[in-house]
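Enquirer: Chain residues, written in single-letter form:
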Amino acid sequence: MGILAARGAGRLAPLCMAGISLAAQAALEPPLAAEHSEYEIESAMLYNFTKFVDWPGSALGAGGVPVVVGVWGDDGLFPVLAVALRNKTVYGHPVVVRRLDSSADPRSCAVLFVGASDRKEIARIVQSVRGSPVLTIGELVQFSRLGGVLAFIRDGNRIRFEINLDAADRAGLQVSSKLLRLAAVWRDNPPQTRN
Amino acid sequence: MRPFRDISIKRKLIGISMVTSTVALMLACFTFLAYELVTYRTTVTHQLKTLAQIVAESSTAALAFDDRRSANETLAALRAEPHLVAACNYTKHARLFAVFQRSGLPKDLPRLPGPQGARIQDGHLALFQRVVFDGDWIGTVYLKRDLQDMDARLERYAGIALVVLLISSLVALLLSSMLQRVISEPTLRLAEMASRVSTERDYSLRAAKRGNDEIGVLVDSFNEMMGQIQARTLDLHVVQGALERHVGELCEENARRQRAQEEALAAKQAAEESNRVKSAFLANMSHELRTPLNAIIGYSEMLREEAEEHHEARPVVDLARITAAGKHLLSLINDVLDLSKVEAGKTELVWEYASPAQILEDAAGAMALLARTNGNQLIVHCAPSLPAMYVDVVKFRQSLDNLLSNACKFTKNGTIGVEVVPVSVDGAEAIEWRVSDTGIGIAPDQMHKLFQPFSQVDASTTRKYGGTGLGLAISQRFCGLMGGAITVSSEAGKGSTFTIRLPLRQDGGLLAERPPLSRSRPPPTGRHRTRFW
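Top line first, the protein sequences correspond to chains A and B. Residue 98 in this note's numbering sits at position 98 of the first sequence, with consecutive numbering throughout. Residue 146 in this note's numbering sits at position 146 of the second sequence, with consecutive numbering throughout.
Source of the hints: derived by calculation from the structure; they are not laboratory data. In this text, all values refer to a predicted model and were calculated from it rather than measured experimentally. Hints may be right or wrong, so weigh each one.
Stated by the list, open to error - Derived pair list, reagent style BS3-like, types lysine-lysine, alpha-carbon separation capped at 30 Å:
| id | chain 1 | residue 1 | chain 2 | residue 2 |
| --- | --- | --- | --- | --- |
| 1 | B | Lys92 | A | Lys88 |
| 2 | B | Lys412 | B | Lys449 |
| 3 | B | Lys209 | B | Lys10 |
| 4 | B | Lys92 | A | Lys51 |
| 5 | B | Lys346 | B | Lys278 |
| 6 | B | Lys92 | B | Lys49 |
| 7 | A | Lys51 | B | Lys49 |
| 8 | B | Lys494 | B | Lys412 |
| 9 | B | Lys327 | B | Lys346 |
Just chain A, with the same shape it has in the complex (with noise of 0.2 Å):
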């Protein structure tokens, strides 16, 4: 591993904006992915992010604790998103899937995510988890610009994600490299992207 990403890594490096792509897969094989929903493929990719993410040591709590992927806003998703992730398990946790309002707190979550469209209401969400351990996921390009960890981009018809490692590094989250790999990088500060 470590020969092959030494190797690899100058010439990945211009590949950070790598996405999902369906239209290639579809040239390929026979198109499954454009069977499925939006909700359905970003339910997976949700799941699939949590593979790629340590947590800290102690953020999941207990063996057996569940682990809570919470939603805000946007109905839609939230029930594909449970079925999707029922019997499911992060890092030997169960998972929960909740769907939260303005009352509950977000910190309580290791999955967020925030259905909003509103940069104000972003900021505020994104503020609210503010040094906690939570892997907050948005669906706009700004959302991670805003302070989220990780945000879904469209590009076409294909679905690819930005990456704010200021923001993981403050949610004390350390993202794999392999997933970085595939991810557009943003960094707040310096105000740089590597791409």
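Knowing the structure of chain A, use the given hints to seat chain B on it.
Expert: Below, chain B alone, put in the same frame as chain A:
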């Protein structure tokens, strides 16, 4: 090519060590090569497996997020591995996902992932490695690698092995050429010695010994054998010398005996010749003597008759003496003549058939007077139905008369018997004439002289009984000529029996074919077979 066993020991030794070392070296080389092959294959497989695991690890995110481009990029990094010819990823649904194919090579990727593991096919090492992420099987990595490096390595090793083989064979050839002398030289020297011994026949030669190994033992044995042969040859020479001497003596002895035999033979021939000459001389002389003697007898009888007519007593007695002396001399000469003829082989037999009874009658008639002279009784007996005899009647009568006159002469006041009987000896028919007397008999030690010429039983006999001493000898020879013999049995003082046995001819039984017996008097037949005279 010559068979191996005919090649010289030197070459055999070199050949054996060459073959041994070469085979051993080849075995070592092959083992080494095989080990190298296995090891290298294992190493290569292990390397490929490691590489596949790295690729699988690197591809997890791409497979998880279905990121084909990233997967392709990951695979493209394999370009740095020169022996890798192809690589690809399959999704967990066994669909081809990402592909790396070295340019210039045909596309022959398996359409579906195979079972996990490495295998060699078509000179390539191919390997399937499952991509497992967080306990889930999310895809498969396929790597295919050529084995050209392994082939090249094997070729290089084979080349090195060949060179090593050649060089070590050369060294082995050199070494064995030098070292074979240790064994071959003593052997060859021994062989040369053996052949020298057999060609020169010099058994005093000895082989030199170099060591105490088996060849040393062989040399010792050879030398010991040579010693024995030498001793034996010497003995043989001695024995041969003795033998030659013996043979020489034997030859000499032989020659001497041969000479003696020849001399004896010559002497015998000379004796026989002289005997024959003597007999011929006697025959001639007897004939010449008889002629004047007959004249003397004839004229003396004539003179005696004239004197009797003139009654002159004195000349009658004298003339009678002359006649008697002449007759005696004549009979003597006749006997000598007969014997001479027989011994000279000039006797001629006149064969004819005769009746035994008739012959007996005649002989008894002739002898009756002589028998009575000494007061003897003559009794003859003839067996009935005797077959005719085939004989020379004159000679037979002479023999029979001789026996009868002897019997009468040597018997006083006794009995003279003649018996004629048929006998069968060993299936041959014969007739025996037995003349017996009761006279003085013959002592056993005189028996053998009986049939010798000029030998009466003792000298005094001649003076006392007269006779020439030739009668029995002549009779025996006559009977011999007719196929018979005379035998005698006697007891001194009690009498003698002389037996003439004559064989009947094979056709003797066929009276019808016989000529008739012509005699003036018919033969006495029938009942009076025994007569007294």
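Enquirer: If a hint holds in the structure, say so; if it does not, say that too.
Expert: Hint-by-hint comparison with the structure:
The straight-line distance between the Cα atoms of B/Lys92 and A/Lys88 is roughly 18 Å, inside the 30 Å bound, and the hint therefore holds. A hinted pair counts as satisfied when its Cα atoms are at most 30 Å apart, and B/Lys412 with B/Lys449 qualifies at roughly 23 Å. At most 30 Å may separate the alpha-carbon atoms for a hinted pair to count; B/Lys209 and B/Lys10 meet this at roughly 19 Å. Distance restraint check for B/Lys92 and A/Lys51: the Cα-Cα separation of roughly 17 Å lies within the 30 Å cut-off, and the hinted pair is therefore satisfied.
Proximity of B/Lys346 to B/Lys278 is assessed by CA-CA distance (about 13 Å); at most 30 Å being required, the pair is judged to hold. Distance restraint check for B/Lys92 and B/Lys49: the Cα-Cα separation of roughly 20 Å lies within the 30 Å cut-off, and the hinted pair is therefore satisfied. Between A/Lys51 and B/Lys49, the direct Cα distance comes to roughly 25 Å. Compliance with the 30 Å bound is thereby established for this hinted pair. Under the criterion of a C-alpha separation no larger than 30 Å, the hint pairing B/Lys494 with B/Lys412 is consistent with the structure, at around 12 Å.
Restraint check for B/Lys327 and B/Lys346: the C-alpha separation of about 25 Å stays at or below 30 Å, so the hint holds.
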